[in-house]
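Undergrad: From first to last, the protein sequence lines stand for chains L and B. Under my numbering, residues 1 to 405 are what the first sequence spells out, in order. Under my numbering, residues 406 to 1349 are what the second sequence spells out, in order.
Honestly, the hints are just simulated from the structure, not real lab data. Source: prediction; values computed, not measured. Some clues are possibly wrong.
Pairwise CB distance ranges, derived in the manner of DEER restraints [unchecked claim]:
| # | chain 1 | residue 1 | chain 2 | residue 2 | range |
| --- | --- | --- | --- | --- | --- |
| 1 | B | 1050 | L | 315 | 16 to 26 Å |
| 2 | L | 385 | B | 1275 | 27 to 37 Å |
| 3 | L | 186 | B | 1263 | 26 to 36 Å |
Using N, Cα and C, we set each Cβ at its ideal position, and we do this for glycine too.
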Amino acid sequence: MRQKLVVIGNGMAGMRTVQELLAIASGLYDITVFGAEPHPHYNRILLSPVLAGERSLQDIVLSDWNWYREQGITLHAGRTVTQVDRARRIVRADDGTEAAYDRLLLATGSQPVLLPVPGAGLRGVLAHRDIADTEAMIEAARTHRHAVVIGGGVLGLEAASGLARRGMAVTVVHRNDWLMERQLDAEAATLLRETLETQQGLNFRLGAQTEALLDDGQGWVRAVRLTDGSELPADLVVMAIGIRPHIALAQQMRLHCERGIVVSDTLQTVTDGRIYAVGECAQHRGVAYGLVAPLFEQGRVAANHLAQMGIGRYEGSTVSAKLKVTGVELLSAGDFMGGEGTEQLLLRDPDSGVYRKLVLKDERLIGACLYGDAEGGGWYLDLLREGRSVAELREQLIFGEPVHG
Amino acid sequence: MSETKSTCPYCGVGCGVLIQTEGDRITGVRGDPSHPANFGRLCTKGSTLHLTASPAIAQQARLLAPALRPARGETPRPIGWNEALDLAADRFARVIAEDGPDAVGFYLSGQLLTEDYYVFNKLAKGLVGTNNLDTNSRLCMSSAVAGYKKTLGADAPPACYDDVKDAGCLFIAGSNTAWAHPIFFRRIEEAKRANPAMKIVVVDPRRTDTCEIADLHLALQPGSDVMLFHGLLHVMLHEGWTDTAFIDAHTQGFEALRETVRDCAPERVAEVCGLAVDDIVQAARLFATGGSGDAAQRAPTLSLYCMGLNQSSHGTDKNAALINLHLATGQIGQPGAGPFSLTGQPNAMGGREVGGLSNLLPAHRDMANADHRAEVAAFWGVPAIPATPGLSAIEMFRAAAEGQVRALWIACTNPAQSMPDQALVRRALERCEFVVLQEAFATTATAAFADLLLPATTWGEKDGTVTNSERRISRVRPAVAAPGEARHDWAIAADFGQRLQSRLALQALAPAVPALTAYDTPEQVWNEHRATTRGRDLDITGLSYVLLDELGPQQWPMPEGQAAGTARLYQDGVFATPDGRARFSPEPWRPLAEARDADWPYSLNTGRLRDQWHGMSRTGTLGRLFGHVAEPALQMAPQDMAREGLAAGDLVEVASRRGSAVLPVQPDATLAPAQTFLAMHWGEEFLGGRDAQGREMTGVNGLTTPTFCPTSKQPELKHAAVRIRRAALPWTLLGIAWLPADRALAVRQALREAARDLRFVSCVPFGDEGAGGGEGGVLLRAAADAPPPAALVDRIEALLGLGDGQALRYADPARGHRRAVRLQRDGELAHVRAVLLAGDTRAEGWLKTLIQDRLPAQDFGRRLLSYQATPPVAVVSRGKTVCNCFGVAEQDIAGHLAACDGSEAARLAGLQQALRCGTNCGSCVPELRRMVRETPVRLHRQAA
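Extracted from the complex, chain L is given alone in its bound form:
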């Protein structure tokens, strides 16, 4: 009799792991998948292009209903798992559906952080997380004029750009002095802001904090008030100040959690060897990733392990960020700010709106921030991962991979 694998989370991390697993050990498990959203597996990363009108929802579905059938996967879409009995190894969803498991894969992803300000519960206040949010924004853009996006990170800027493309007047309120501070240094962020201002018509309030969301008297948001007292008209507010690993279920299961569910290099939870966690809900070596590349890498290792091949360890990812806004090219990876003991290489081409910073330590590349032209970024990511000496390449490094031949 085949073993049972239950996957909680029909998102990118969970399904990537399942795909990897099927590729190397199809037939090893009976697989059951629970997904809270009433959709098949789709590419969450492409929600921004959907919002921007560059793609349709249909375009971003990765695996349609048929696929689950063909693979013999039992899919429970639109059902949220509320309980797991680790002793009996049974998973139960909100509608009472149960599934027993031999191995359990947690891929619950993350939740948007909502600003705890007065008015946060008003209608017209959204996050930018899932298809429902996206559809709500598209609808709001049809009927409303003023949008405020709180948070100038990747998601916030993608949301802002998408809303602007849909004709809204958009202001981005950002707490830091520069945009995307976790991915960009001040100089690249300034170039980005200038591009978004001139090409997308976005407005920015940097170094600004939201004090309250104001009611129009009918339970719909009317404006955003900042701590300096100024008010920004808003009939749509998108909160994109960050994400938090979705660990409520894991906590309830008494799995050891810190920021995320703590896993080992095999992606097994440290509490229960039958249970794995991948993606944004997992915390590996102290890091809970919020990007797509690490979860692919995690999925590969987890699948390998689930396939009982017993080899393959996940040792962490070198993360790199991109921004999916048309007309903006950027790539940021590693320790792009640099600090004590690091050295920097800089390239500026204001005519072409290009900025590059590479951070070196002990003659190894440890960080990169490319703005305006991220071509050849893959080479830098390779160098970052490989950690080999770039002493010989130093003078050429910032211009990209040397052309041989």
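Since the structure of chain L is already known, use the hints to place chain B on it.
TA: Below, chain B without anything else, positioned relative to chain L:
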């Protein structure tokens, strides 16, 4: 447009110029066809004079108002003329009252007009009562003065330019005439063309462009001239080529000289001078026989000489030993013959005429002669001329450094650039309590040391007379009014003199006589000068401003009653000695002040570049004059460079016993082994930095020796023993930019200032002013042991126009490397406006060409920031500008010659016809000739 006849302010040839003006602006210049010095020709420098008088340059480089420096090191503040001259008179009067008249000194210039000189001389020697008045002619002509006086009895060059066409032999010694006196050299070329039988001997340690026309080049060892000349006399005596009749009739002292030259046999001379015996014998034959080869049919020999003889610790002996040869062979006093000293400055001669040296009095009178002193005192109406000898240039600065001279008045010269042993000069300027600088340009090194700056007029504005090398007096006429508050030099001296006289009279320190320096016009001054010449060798009582207008320039003497000037002297064999006989000088050869040895193994020679003049306060304002030689470099024999492991452009530290300089080295095949050359122009205005001990380096004259000829007091600027080491300065910088013409010069100054604490700094202009560009280029080069503070490089970037965030840039701050390039887009095209390479300048070759030749750069993109020496897109340099008039570059010429055949003359003619190079001023013709000679004739294509 109107034209004003005047004179060129550069070399001693004294060419006439016609200054073209529109309203109060100088718009053009051309040679004066009626002037007998040049008959309408001008050289590269003269023909660009009008460009140096542009409003943009005046605004950036001229001193336009009197200014007082509140304290040393601070910025001078403008003050009024009254206040300035009262202050100067107070300070001079106080020093004179406290320490006597010899506690003040005046240091003047061979570029002043005769009238300027005269007033200053009277002011010092008549009013103040000090003979401490000397001039930069001390660095230039005083050995020629002493040599003439010692042998012929008077400071009078006996020959004239026209003699060149009558000469059978031209004996050019210690003169790169082709570069230093280009218009006169055109005459030599013409004479040689007209008379191909004329023989030309060039005596010079270097194979200069002058040698291109020579039949024989004697590349003697530095400082061995007297031995060579004695050796020639030895050969002449041995061969019976001397003129015994002339010696007997017109000279004395030959026996002593015969004794001296007895042991100067050709073999010994060959050894000391580093020459071949045959060449020595051949030179003696040519000199003695006037090129005819036959003493019985002697043709005239004219010798031409300059700084190679003068700037020597035995300069008087060198001059006299050459004149000995003329006297021994009777080669003097006839057309085509005589010892002809070429003057370096436009009016060194005029200065000598009015007694403008510390040992002279007006009209070739001598300070040491009590009768002469009495005559002058009577003429000026003062009780006496002081008998105490005055201090010559080096002595005056030494006395200032030791605190004996407390107040210095410097006019129209730049001692902080041009005097040897700058460490001494700067000690003097720093210690001296009150330094007045009367100058046209605010940009000279000396200006930084002056307490009081007084703006003077310059070329195009001045009014007076000058005397050229052939004793010819020409009018200098103003074409435009003085800019700003500038005043004429004579007028400043006259005004100051009157204020000083009233102060001294109050303290009974000056005789109670009418104002000594009250003049209204330069003509009044000149007329007074003329009166002093009556009965003297240079008597000009027959001349006047009016006659100069009517007759044109005239050669002295022209005593009353004589209708025109005098072309040549001593035609009657009567010399200016008491007995009318010329004197032979029996002084033996003496070695250099500072011979090479194991510790100081190289000889450093200094001299002129073709397109620059002196400290470059004027020529240095024009980028186009840097086309021929773009940057300071030490020239070195290629085989020495190979031995030292040096490549072209490597930075070296040249050190003498007095100081050091850091600069690039360049191979120069015209130099013999162990000899090096550094152009005299490169002072701290263009070449600076700090030595390993942090002391400021001051360019070429930080190295040179102050040791001077005991007779002429002229220092040995032509030789210092030096050592040369690679300067290990791994951090290098190159900054190049095109800037608006009205800012380029000011930016160059600011760049030099910004970089002055680095170990090596060189900052020069480039460009093509007058070609309609309206822009000036500036090139900064620097180096250091380690990266300097980023703020310093930021400052340099900002000055180059790279600081506003619009430049393409690369930075590696940990290594102190950065590169920045600014492009200017023009439709599809883009040109490089500015470049900075800091830390690593390997890419300079192609980038420099790209910007300087204004090549299109739109295809380079970010590759403009490449560190690599090979260009990412092919770039071809045109090389240096050989022909300045038509902007013809080395590669243009090489390209043409590669496809030419025929004789050398035919190829030169073809080249000139095709590219026009060398067809205007002719300054580049010797170089063209060399290029023709060195380019192999095209091989005929083989039949297919």
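Undergrad: None of the hints should be skipped; say for each whether it holds.
TA: We went through each hint and held it up to the structure:
Take residue 1050 of chain B and residue 315 of chain L: their Cβ atoms lie about 51 Å apart, and the range 16 to 26 Å is violated. Distance hint check for residue 385 of chain L and residue 1275 of chain B: the Cβ-Cβ separation is about 32 Å, which falls inside the suggested range of 27 to 37 Å. Checked against the hint of 26 to 36 Å, the pair residue 186 of chain L and residue 1263 of chain B passes, with Cβ atoms roughly 31 Å apart.
Hint compliance for this structure: hint 1 alone is broken.
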